[in-house]
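Visitor: Keeping the supplied structure of chain G fixed, place chains F, V and U upon it in accordance with the hints.
Number of protein chains: 4
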Amino acid sequence: MSTVGAGIPEPPREDPNSAWLSADELEWTRARLPLLYVEAVPVRVDGLGVVTHVGVLLRANEAGEMTRTLVSGRVMYGETVRDALFRHLEKDLGPMAFPLLPASPVPFQVAEYFPIPGLSAYVDERQHAVSLAYVVPVSGTCEPRQDALEITWVTPAEASSPAFHAEMEGGRGTLLRAALASVGVLG
Amino acid sequence: MSTVGAGIPEPPREDPNSAWLSADELEWTRARLPLLYVEAVPVRVDGLGVVTHVGVLLRANEAGEMTRTLVSGRVMYGETVRDALFRHLEKDLGPMAFPLLPASPVPFQVAEYFPIPGLSAYVDERQHAVSLAYVVPVSGTCEPRQDALEITWVTPAEASSPAFHAEMEGGRGTLLRAALASVGVLG
Amino acid sequence: MSTVGAGIPEPPREDPNSAWLSADELEWTRARLPLLYVEAVPVRVDGLGVVTHVGVLLRANEAGEMTRTLVSGRVMYGETVRDALFRHLEKDLGPMAFPLLPASPVPFQVAEYFPIPGLSAYVDERQHAVSLAYVVPVSGTCEPRQDALEITWVTPAEASSPAFHAEMEGGRGTLLRAALASVGVLG
Amino acid sequence: MSTVGAGIPEPPREDPNSAWLSADELEWTRARLPLLYVEAVPVRVDGLGVVTHVGVLLRANEAGEMTRTLVSGRVMYGETVRDALFRHLEKDLGPMAFPLLPASPVPFQVAEYFPIPGLSAYVDERQHAVSLAYVVPVSGTCEPRQDALEITWVTPAEASSPAFHAEMEGGRGTLLRAALASVGVLG
Numbered sequence: 001m002s003t004v005g006a007g008i009p010e011p012p013r014e015d016p017n018s019a020w021l022s023a024d025e026l027e028w029t030r031a032r033l034p035l036l037y038v039e040a041v042p043v044r045v046d047g048l049g050v051v052t053h054v055g056v057l058l059r060a061n062e063a064g065e066m067t068r069t070l071v072s073g074r075v076m077y078g079e080t081v082r083d084a085l086f087r088h089l090e091k092d093l094g095p096m097a098f099p100l101l102p103a104s105p106v107p108f109q110v111a112e113y114f115p116i117p118g119l120s121a122y123v124d125e126r127q128h129a130v131s132l133a134y135v136v137p138v139s140g141t142c143e144p145r146q147d148a149l150e151i152t153w154v155t156p157a158e159a160s161s162p163a164f165h166a167e168m169e170g171g172r173g174t175l176l177r178a179a180l181a182s183v184g185v186l187g
Numbered sequence: 001m002s003t004v005g006a007g008i009p010e011p012p013r014e015d016p017n018s019a020w021l022s023a024d025e026l027e028w029t030r031a032r033l034p035l036l037y038v039e040a041v042p043v044r045v046d047g048l049g050v051v052t053h054v055g056v057l058l059r060a061n062e063a064g065e066m067t068r069t070l071v072s073g074r075v076m077y078g079e080t081v082r083d084a085l086f087r088h089l090e091k092d093l094g095p096m097a098f099p100l101l102p103a104s105p106v107p108f109q110v111a112e113y114f115p116i117p118g119l120s121a122y123v124d125e126r127q128h129a130v131s132l133a134y135v136v137p138v139s140g141t142c143e144p145r146q147d148a149l150e151i152t153w154v155t156p157a158e159a160s161s162p163a164f165h166a167e168m169e170g171g172r173g174t175l176l177r178a179a180l181a182s183v184g185v186l187g
Numbered sequence: 001m002s003t004v005g006a007g008i009p010e011p012p013r014e015d016p017n018s019a020w021l022s023a024d025e026l027e028w029t030r031a032r033l034p035l036l037y038v039e040a041v042p043v044r045v046d047g048l049g050v051v052t053h054v055g056v057l058l059r060a061n062e063a064g065e066m067t068r069t070l071v072s073g074r075v076m077y078g079e080t081v082r083d084a085l086f087r088h089l090e091k092d093l094g095p096m097a098f099p100l101l102p103a104s105p106v107p108f109q110v111a112e113y114f115p116i117p118g119l120s121a122y123v124d125e126r127q128h129a130v131s132l133a134y135v136v137p138v139s140g141t142c143e144p145r146q147d148a149l150e151i152t153w154v155t156p157a158e159a160s161s162p163a164f165h166a167e168m169e170g171g172r173g174t175l176l177r178a179a180l181a182s183v184g185v186l187g
Numbered sequence: 001m002s003t004v005g006a007g008i009p010e011p012p013r014e015d016p017n018s019a020w021l022s023a024d025e026l027e028w029t030r031a032r033l034p035l036l037y038v039e040a041v042p043v044r045v046d047g048l049g050v051v052t053h054v055g056v057l058l059r060a061n062e063a064g065e066m067t068r069t070l071v072s073g074r075v076m077y078g079e080t081v082r083d084a085l086f087r088h089l090e091k092d093l094g095p096m097a098f099p100l101l102p103a104s105p106v107p108f109q110v111a112e113y114f115p116i117p118g119l120s121a122y123v124d125e126r127q128h129a130v131s132l133a134y135v136v137p138v139s140g141t142c143e144p145r146q147d148a149l150e151i152t153w154v155t156p157a158e159a160s161s162p163a164f165h166a167e168m169e170g171g172r173g174t175l176l177r178a179a180l181a182s183v184g185v186l187g
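Protein chains in written order, with the working numbering: chain G, 1 to 187; chain F, 1 to 187; chain V, 1 to 187; chain U, 1 to 187.
Bound conformation, chain G alone (with noise of 0.2 Å):
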């Protein structure tokens, strides 16, 4: 197998126009790239558009350990940030959760995650990524699928304590704590 010329990676071997990268070339790209992201809070909200609940889901890491995480999901390429949020919302909360996207494409944080502890709150060892993380109602019924075993729906107070806080994967507790205050409810 040859290459295009020096230097040139390899095309993708399937569908040369498929906006998913194969493993390969994925891993190169994480050594070389930040990697754009979008994050949700999912919430709920009463009649005035007060948060009352938080959800965040149960997810077993690589590791096998049960952690605390986020909506979260990489943007693909041709995609938009609002396209890519409504498709993380339904993988993580399924077919059914009737996300109430914003109406303001700015995010309430930006998060940097980077490989290596230290340089900002977030921490992914897997790669380099820029989070824009958005705090989304949701009207329906939630039923994780793929990965995420469960959502657990908590109040403000109880998301805004330290020991919820350090039960959530990769400095997100930080970006949890972020979302509240940035809708007012941060304990």
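By construction, these hints were calculated from the structure, which means they are not laboratory data.
Treat the hints with care, as some may be off.
Repeated chains share a single entry, so a pair holds when one copy, or any two copies, can fit it.
Stated by the list, open to error - Simulated crosslink set (SDA-like; lysine to any residue; CA at most 25 Å straight-line): (1) K91 - V45; (2) K91 - I116; (3) K91 - V110; (4) K91 - A157; (5) K91 - E150; (6) K91 - G187; (7) K91 - L119; (8) K91 - W20; (9) K91 - P162; (10) K91 - M66.
These numbers come from a predicted model, not from an experiment.
Guide: For chains F, V and U alone, coordinates are given in the frame of chain G:
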């Protein structure tokens, strides 16, 4: 020449840890991933923080035409958004501009550039780029370097005009107006 | 009738605990204090949260002229900003509008109205008012009540035009454009 | 002594155009209207705009107890929010603090203080006050004046702690944490 394995891109030739991509690698990446950018609207403020002037770059684009644009550039692997913002401000405005980066990492707008018009207000023929845009007061002397020919300081009223809007490349007139709105001076 | 002491205003006559001021009391207050207002830009959004239409009220002002305006009104004593926002949305759009109040209490803009032009972009001949302005998606049917004659739904492009801007009272064209910018649809 | 008419409050005695209310007038107003306040969290930033220290005031309250608080004060009739913010920063931090007011007039949070606890996170026994809160970098020397006894500079980590939170009056620990979250440094 051979590849290390099927689908594995060639490593960069000179510095395997470089955050910089070769031209070929960049081209490959641009066809497969959204690239993360930062953009800045440099402003002059008065003693109360009110924006009095807005800095816009005059630059020759690849077709040799003069267009107006904003400070902008890519976020590198391992670099924080803030570092990238500072680096590009220095690159475009010179080392004596003394930018006062915002305390908040939340951009005033997320601009999504697609190669094909119509998906959003922003177009970049080269790539899918997602840009975090900030208003940045500068207190020093601006001397454009590199490919920026000139920086022009205009009032918010001038910058708000449809005529000015039309002179800006890639839809950045819309981004400039959003910047003015975010600081309360859109005419 | 006597006063309790020099400089002490008369108490309200009918209900001493009423949050509502008499006409005289309101006039007195308007000459001495900035009044707190809320304003809302009602919008229609699509399934991904993108603003597709903007609602603007047509109203006869005190001089009998037809002007375009936004949902707006005073925050009463003891009332939360959110309650006031809901109350004025219901007053201006009717009980079936079903507004989805934002989870975040932070306005997209703070509009400062002064009796004298030139201090800011906003003018209110009656008073100094400071208005917290929000973009509010509505999912139901809007039927203006009270003094609003009609609600008109226009596209973001129409609402962005200078002509439309000029028809709005008190500088609210500027506020409307800031609203459009905040949700990424300013033309 | 007579009143001008039933229900018309007495005009101020000394300067009928004064934006300042007499003690009686202020008391009357506090029982009938929400008062507009500004609050500021003064911060020190590094060369990249990252918040390194947060300034908190130590003050004796009316009961003679020492409490921690933020820069705060009322917006006067005819005064812009920005002017009020500058005035109160100078009042509380002295004339050499050199605050860098934000270019954006949008607060990081709207804090609603009610005389009765439970309506919101914030309590002010004297009144219903709505406060627009800003993070303000200061570059000079702070020397508290008036009733503020001392300004203490703490790190974001210290300011994030529950113990620190508990020392602040009127719920301002919540506001301080929201400030830290808004600039990405809540611990």
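Visitor: With reference to the structure, classify each hint as holding or not holding.
Guide: Status of each hint after checking the structure:
Taking the shortest alpha-carbon separations for K91 and V45, both the intra-copy value of 21 Å and the inter-copy value of 22 Å come in at or below 25 Å. In the homo-oligomer, the alpha carbons of K91 and I116 never lie at most 25 Å apart, since the shortest distance is 28 Å inside one protomer and 27 Å across protomers. Taking CA atoms no more than 25 Å apart as the test, K91 paired with V110 passes in both settings, with 22 Å inside one copy and 24 Å between copies. Proximity of K91 and A157 under a CA criterion of 25 Å is satisfied in neither setting, with 27 Å inside one chain copy and 33 Å between copies.
For a Cα distance limit of 25 Å, the shortest separation of K91 from E150 inside one copy, 13 Å, qualifies, whereas the shortest one across copies, 42 Å, does not. For the identical chains of this complex, K91 and G187 are neighbours neither inside a copy (30 Å) nor across copies (30 Å), given an alpha-carbon limit of 25 Å. For a Cα distance limit of 25 Å, the shortest separation of K91 from L119 across copies, 23 Å, qualifies, whereas the shortest one inside one copy, 30 Å, does not. In this homomeric assembly, K91 and W20 come within 25 Å of each other (Cα to Cα) only inside a single copy, at 16 Å, whereas the closest approach across copies is 34 Å.
For the identical chains of this complex, K91 and P162 are neighbours neither inside a copy (29 Å) nor across copies (36 Å), given an alpha-carbon limit of 25 Å. Proximity of K91 to M66 under the C-alpha cut-off of 25 Å is restricted to the intra-copy arrangement: shortest distance 19 Å within a copy versus 45 Å between copies.
The structure fails hints 2, 4, 6 and 9 (numbered hints given earlier, in ascending order).
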